[in-house]
Amino acid sequence: MHKEKRKHAIPMPKQKVEERIHNFNEVALGYSMEQAVAEAERCIQCPKPQCIQGCPVEVNIPAFIKKIREKKFDEAIRIIKEKNSLPAICGRVCPQEEQCQKFCVLGKKGEPMAIGRLERFVADCELQKEVTVPPRPKLSMSGKVAVVGSGPAGLTAAADLAKLGHEVVVFEALHVPGGVLVYGIPEFRLPKKIVQAEVNYIKKLEVDIITNHMIGRLYTIDELFERGFDAVFIGTGAGLPGFIGIPGENLGGIYSANEFLIRVNLMRAYMFPEYDTPIRVGKKVAVIGGGNVAMDSARCSLRLGAEEVWIVYRRSRKEMPARLEEIENAEEEGIKFRFLAVPVRFLGDEHDWVTGMECVKMQLGEPDESGRRRPVPIEGSEFIMEVDTVVVAIGQTPNPIIQRTTKGLKTTRWGTIIVNEKTGKTSKKGVYAGGDVVSGAATVISAMGAGKRAARSIHRYLLRKKRMQQRKEYCQ
Amino acid sequence: MYKVLKKAELAPEIKLLEVNAPEVAKKAKPGQFVIIRIDEKGERFPLTLAEWEPKKGTITLIFLEVGVSTRKLGALGTGDEILDVVGPLGNPSDIKHYGSVAVVCGGVGTAAAYPIAKALKEAGNQVVSIIGARTEELLILEDEMKGLSDELYISTDDGSKGYKGFVSDVLRMLIEKGYRFDIVYAIGPPLMMRATANVTKPHSIKTIVSLNPIMVDGMGMCGACRVTVSGETRFACLDGPEFDGHLVDFDELIKRLRVYLSEEKQAAELYEKSRGIKRA
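Going down the list, the sequences are from chains G and X. Positions 1 to 476 (my numbering) are the ones given, in order, by the first sequence. Positions 1 to 280 (my numbering) are the ones given, in order, by the second sequence.
Simulated from the structure, these hints should not be mistaken for laboratory data. A hint or two may mislead.
Stated by the list, open to error - With a cut-off of at most 30 Å between alpha-carbon atoms, the simulated DSSO-like pairs for lysine-lysine come out as follows:
(1) G:LYS410 with X:LYS29
(2) G:LYS410 with X:LYS41
(3) G:LYS203 with G:LYS283
(4) G:LYS465 with G:LYS422
(5) X:LYS26 with G:LYS283
(6) G:LYS144 with X:LYS72
(7) X:LYS72 with X:LYS3
(8) G:LYS192 with X:LYS3
(9) X:LYS27 with G:LYS407
(10) X:LYS26 with G:LYS429
To be verified - Quick list of simulated restraints, FRET-style, between CB atoms:
(11) G:PRO367 with X:PRO54: 26 to 36 Å
(12) X:GLY231 with G:LYS283: 29 to 39 Å
(13) G:GLU274 with X:ASP80: 15 to 25 Å
(14) X:GLY57 with G:LYS14: 43 to 53 Å
Every residue gets a Cβ at the ideal spot worked out from N, C-alpha and C, and that includes glycine.
Isolated chain G (complex conformation) (with noise of 0.2 Å):
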């Protein structure tokens, strides 16, 4: 018994499918007590630990462990926080088989220690009373930095230069704080009491998020900077959507995943009426692409009434980017794949309501410059599906506003801002950037470790900044 625990991970305790498809209530219930010491119990400790270099925020993984192990909860999310201002969102969302779990040496033998379950754990224990804020240190040159953009990026960089000491005003164009955690990723993943509580954790740290404000629109970069402003730090996200450019593509029934899922779980379209923002979704839905995003919205439309959902990715099985608990959640309740295949145009009706897609059949080729095998169509193979709902999940790309407005700020050919990597600097003077508007649409915990770093580099160079000026003060 003891060995066979040893072997396995405790499983994370779920709704069962036959009730969650009903409603949008988170779907993984979270360990017990019980349940989070004895998976606590199969870390080894070892004297060199692996799992640190697969988190991109470096937390001390097996200190946080040795601390559940003995019941020490709040020790434990004390040490989590050091480095992760918001535990209880990476323990639900980050993709951790590829990143700490990668690396546990348990999972040589058999499971790797479930990090994430155990972070998520005590991020909670700590959410349910009440939460302690570090005392702010003392800087005796703190500078003020705009941070722009709310999500896991922004939050992160403006969470640690506060605690770091300099004043920071993040400024979010949606009325809510928290980016694609409030508008992409659904309820039954990340309930949004989470990200509100952890929002809240970062408003204690004396952050001040300003709602309701379109940096490149009511201000450029170069404005913020007559506002005072001694640094700015851009986290704008990858909230471009990417459609796929075919006939019939405007026809009425055919979303977007960001509307579909803006519509959803920003604005409860799922409870329409009580909330004002509709949602049309019919009986039959296809969603296109392969990604976390298109597992979201086929989810969403299953929980919307539909019957039948499609997943549509012009790849296999086993080249799909989602996580693999997303796809097997999503294969639980009932979502149907339909894989090498690729629309080509879309059908509707006399109301210009979609009725059909016509896809093409696709084999895969030669690897491409991402080392997946390229989909190539095969000719004559085309097919016709019946749908009366679509949603448009090919994947995102950086809004322009900001890149537009801003000079002397080097962006890609994608719209992605150019940085240095170890340092999130741009080509703009006291200008950094990090998450999705540098990567392209990564992960929620990729953009935090951007927002980290940035935070580091964007401290010192307002140290030397302020020793400049008083240097320049005292000289004149």
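Got chain G; can you put chain X on it based on the hints?
Just chain X now, with coordinates in the frame of chain G:
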């Protein structure tokens, strides 16, 4: 929170609110809009800025009560608050000296056209305005438009005031009479903008329209407001809202505006029921 400082009824179901929003007021330019959300359960929807006063820190919204959100907004009074106002959004109008300009507007679109007409006049243009409505009592901003225009024409569908017919008919008449316009601005319901663009096209008069598709975020995040211009998909909130009227696929815009008709009706009925309002 954004406080309502003044309220007026311009015509039946057309209301004016002056709202405290100092930062927006300081930055607004003709042609731009705001997205508002009235309360916690509200939807986000766009309204073009009709006026703004940087010194007072106010913006003016003029809207027709058509659905649940505009009715909720119309029910607000002085001292009430709007939960969210974000803006200015969209690209400003390209205001410069063109020469002779026709500003053609219909219904509540006159409110959106007003600041543009004003700026065009201030830029030294000869401004001929054509304003229209279904019937006389629905005409708005007549005096304001008159004050800034070199010539003002009025049309009503039922002929209760001015010319009987559509604003596009008046424009056609003027062109046939020999008026030469260097540019035409057409702002109003899509049918009216399409009709106006059809009038100017054979004469190759550059025609700018301000599109009003469904919007959610209004910042380029979702593509709900996508329109086809010159065969290409564009986002009205990001690339517009103004486009070359001769290149816009109006049929598609009109169809896309009808997507949520039944839900809109359902929500509006529910709202009225909750307030005990009965409507014919």
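Going through the hints against the structure:
no.	hint	verdict
1	G:LYS410 with X:LYS29	holds, 27 Å
2	G:LYS410 with X:LYS41	violated, 40 Å
3	G:LYS203 with G:LYS283	violated, 43 Å
4	G:LYS465 with G:LYS422	holds, 20 Å
5	X:LYS26 with G:LYS283	violated, 48 Å
6	G:LYS144 with X:LYS72	violated, 40 Å
7	X:LYS72 with X:LYS3	holds, 15 Å
8	G:LYS192 with X:LYS3	holds, 28 Å
9	X:LYS27 with G:LYS407	holds, 19 Å
10	X:LYS26 with G:LYS429	holds, 27 Å
11	G:PRO367 with X:PRO54: 26 to 36 Å	violated, 58 Å
12	X:GLY231 with G:LYS283: 29 to 39 Å	holds, 32 Å
13	G:GLU274 with X:ASP80: 15 to 25 Å	holds, 21 Å
14	X:GLY57 with G:LYS14: 43 to 53 Å	holds, 52 Å
Checked against the numbered hints given earlier, the structure breaks hints 2, 3, 5, 6, 11 and satisfies all the rest.
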